[in-house]
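*Asks:* Use these hints to put chains B and C onto chain A, whose structure you have.
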Amino acid sequence: MSERERKTSTRREAMASAAAAAAGAALARSALAGGKAPLAAQAPGHETHRFGLAIDLERCLRCQACVVACASENNVPPLGQESAGLSRPIHWMDMLAPPEGGQIDGVGRGPVPIPCMHCEHPECVKVCPVGATYLADDGVVAQVWDRCIGCRYCMVACPYSRRYYTWTAPAWPGGDPSSVNPDVAVRPAGMVEKCTLCQHRIRALHERARLDQEPVTDEALRRLPACAATCPTEAITFGDLDDATSALSALAKSPRAVRLLEHLGTGPKVFYLRGSR
Amino acid sequence: MAMSHKRHMEANMKCISCHPGAEDEVLAGFPSTVDCMDCHYKARGSEPQEPLVRWYAERRQEIPWIRVDRLPGHVYFPHGLHVTNAKMKCEECHEGILLATKPLALPDIHSTMEDCMRCHREHNASNQCKSCHK
Amino acid sequence: MASIGRRRFLGSASLLAGAAAGCRPSRDPYSVEKPPVPVASNLRMGSETQVLSTCGLCHAACGIRVRVVEGRAVKIEGNPASPINRGRLCARGQAGLELLYHPDRVSGPVRRAGGRGENRWIPLSWDEAIARLASEIGRLRTVGEPQSLVLLDGEDRGATHELWARLLRAFGSPNHIGHGATGTGATARAMAAMTGAARLPGYDFGEARLVVLVGTGALESSPESMHLAAAMARGARPRLVVAWPRLPPSAALVDEWLPLAPGGQAALLLALAHVLLREDLADESGLARARGFAAFTEAKGKAQPGLRERIVTDFAPDKVASSTGLRPQSIERLARELAATRPSVVVVDEATATDAAAAAGLVLNCLLGSVATPGGVRLDDGLGTPDFGPFALDAAAERGLAAGAIDGRAASQSAFESSRILALPEALLSGKPYPAKALLLHYSNPVYSKPGGARWRQALAKVPLVVSFSPLFDESALFADLVLPDHTFFERWDVLSPGRGTNILTIRQPVVQPIRGTLATGEVILRLAAALGGSVAKAFPWPGYRRAVEAGIASLPGGAGEVLAALESQGVWRVPAVAGGAKRESGSGAGSGAALLDVRGALLADAIPEVAETPDLPFLIVPFRGPGHAEGGMRQLPWICELPLTQSDARRPPVEISREDARKLGVRDGDGVVVESPLAHVAMRARVRQGIRAGVLGLPLGGGAWPVASAGSDPIGLLESIVDEKTGQWLAQATRARVRRDA
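Protein chains in written order, with numbering that gives the first Met the number 0: chain A, 0 to 276; chain B, 0 to 133; chain C, 0 to 742.
If you are wondering where the hints come from, they were derived from the structure by calculation, not from laboratory data.
Remember, it's a predicted structure, so these values are computed and weren't measured experimentally.
All C-beta atoms, glycine included, are put in the ideal place defined by N, C-alpha and C.
Hints are supplied without guarantee of correctness; some may be wrong.
To be verified - A few chain C residues that face chain A, going by a derived Cβ cut-off under 10 Å, partial list only: (1) E47; (2) T48; (3) Q93; (4) Y100; (5) L218; (6) A228; (7) A230; (8) S249; (9) L644.
So that you can see chain A by itself, here it is in the shape it has in the complex:
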């Protein structure tokens, strides 16, 4: 097959699968009677996960360590003062900051850390014309960097605005890329990127487990992504919602747990634990 044919066929494959996913999602949603979207049930006989995050706002110091850890782990370079002034800096883990003293609906006093929601019914996946983003079998809304054409439909579609356009080619201070993490690709200018729940770390953990012939424990998952690993108060917890014994599952069921914009039916998998103050 020629290079071009191969690309076209994979694009067709991707579009077909995206269409199928969209159809499936629409079907699932239409089955609901409005209001809160329940977390989707697992298809039988196929090992899957539903990875998500919990962020405990009683513990979050708003110190922004998660923001920097994510940038460091995922090779998100700083943009320099001029771009910073144009609101272009990319923060896969961002801080949602209402006006001071203001509240975020349901969640409480801001600011709060806000990564990608890794929705169960991701709007971005539905609108991508090239299948550059997809809902993986472990619940991560993943991306294929090289397919992205930078049309930014996904940015429009995402109700949480958690997708970022790369305005500039990656450039490290002084042109020195020594500190680049070799496990994460470096993205070019002109495409859209976002939080991947540190899928490279998830993959590495599962592979290590397979090689060692040991199970993946919830213990190992809880602080796996860079944000959760660095949070000084351990406010961020990662885990598998399909594992009923996981810390995340317990936190998701807490009376303090809320999700952003639940009424939209996106099925976000980031749970905020409201503060009591």
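*Replies:* Chains B and C alone, transformed into the frame defined by chain A:
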């Protein structure tokens, strides 16, 4: 350094004795001078460059191997899973180097993504993009 | 350590037999003659290793674990074995990679070409540089003026700091000057007087049920912020009350804010003590034998009422209403709450405390029974300060030391923590008590970081030789004649004592090979001493820094060998509980904890001058170090400059103003304003906030332009160098200013 893989294979060496990562790491790795010295602490064979091993060792330096098989930055290939779990043989991808009497100047791996995905389909391994891409 | 992979096949059976025949128990693979085997195996292709070390971006000294791939540092994480951060790490620690690989690092020793500040340099070798420095300062000794050597030292502990102290003494200069006056000096002095040792305290946030923060460092970037976070990670959730003119953005966690008036810390603390004493809620056992608590007689024979009496008569909440700016009922309620919710502790932030406040805070904690008890103030037991042993001074040194410190410290106040750095510009400019001929800057950038603005530049111009050890070309280094760049902390080897009640030692190890031609300043000191010769050289008998540190820790329990083994494997060594006479009482908590020695420092509350309000300068500036603040400022760390909550790049920091004041001035959030103090005026953007008291401007420190401009208009230039005359401590909240909209 003109190291002959063929010669080492004739001495019944296993690939993992010098490329230990192949069985349970992502990258197979290269031997450290320490590893070469396990055998080459005294002269072995008649290659003119063989004494270089001891030369580097005396200076506490690593032999500056030139890596020719280098995957693109967006590709992730974990040797460990393929060798240990999928029980692949080194020669299935690295046939070229095993017969070489001197180091290669060009990459010898010619698999394409299509080849990888075909094998994955056949063996029921994941073809999700993120399994192999960074 | 090398990541060789789990299985190594040692060649064919016959080879193995042959090798085994001549083999000794510890096989030496590199040997032709079998010498030992070091190998920089982190250079092997594809290899990856994790190196334990200690972060240096603030004084918390968190343990770090750096992932190194093929000899490059690619990610910094916390060291799980460190009790300070327990495997977690703050934003600045994560941004450390930007310091290591910073493009503006000095490549190697340089000397100035052209005029000062022209930023033109000629490279030297290290031998040349050290020889040059030795010859220049050696001359000062020869002509009998060793005291004209002045060292500004930004570190207040550690082996390098101790070696500097030793060098200056052996050399004959009393001018080892620290930055305590604009930071932790007051707290160190209060601790020295009250506990016998100038060691900064820590706080047991894990057990405390109520924490009153006088100062916001624990919610932003002080070392205590990591201690508080670590306690919260373990599930602690004390009630948090902040008493300060300003509330930081992490206010979401604060239960109550008392908008203290600027300069009112000591008055508030003593007023709280007043209520406790008045209502019989205090535990006075820890103060029973404290000098100054009961009536005493001064050295000159004058009788003084003791602190207790002064608290009772002069510090009733309503009497200090104007100093504190708080309603008496609020103070009374807080005092009763402190008494009723035990364990409770009051944290007077070490970086912003005045002498009186630091002392009053400790007295208050003592009255609450919260010193050296669970949930209270944690004291250091002091093990871990390197002990390099005695050395002899020659006559030249003795004479020099007798000349008295250039910063005006009295002979009785010669300790490092009594340094008066803010007296230096005038001393340098006037040449009194004597001129300075050489100024060394270690971890110091006074042109940027000290109040008093342009005076520092003028003062430096008067000193014939200025030497900086900074790894980056900062503002002060631009004025230097010689720059002898230090390694960043990623490239140094050291053993550190984080202090603040942690009672551990941590290791610092080179994470990568030095990426520039820098050299650890600790090594430079040793080579400099050797080059100076004579009694100075004799005081430094060690061949290298590592040997010196090993000697310095040899007297620790277990000896250097055991300590280093623990440090190399875990990154941390815990000081064993000292049997008998320990000031550190952990856990058992019987009784009310430690007794205080001398509390007269709290009486300094009288000495604070009232800064009168003037109609043309209606605001008081409250400077603060925000959550991104790192050692040396944060403007050189791009990730930190671009943090989302900064809302504008930290390279152009905004000024915080209350909503009330903004309305009166017609200023909206984001508007350009001009802030004017008696010293300078600076254009800034306004950040209109709720969490700031009316009449106060919040001024963030650590930001500003990068690369540095040689004539800065950084906000710190606004701040005046107003000091407490008795101690030299900077009165940080005493600068008045006005604001207008920038048309």
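*Asks:* So which hints don't hold here, by number, going up?
*Replies:* Number 2 only.
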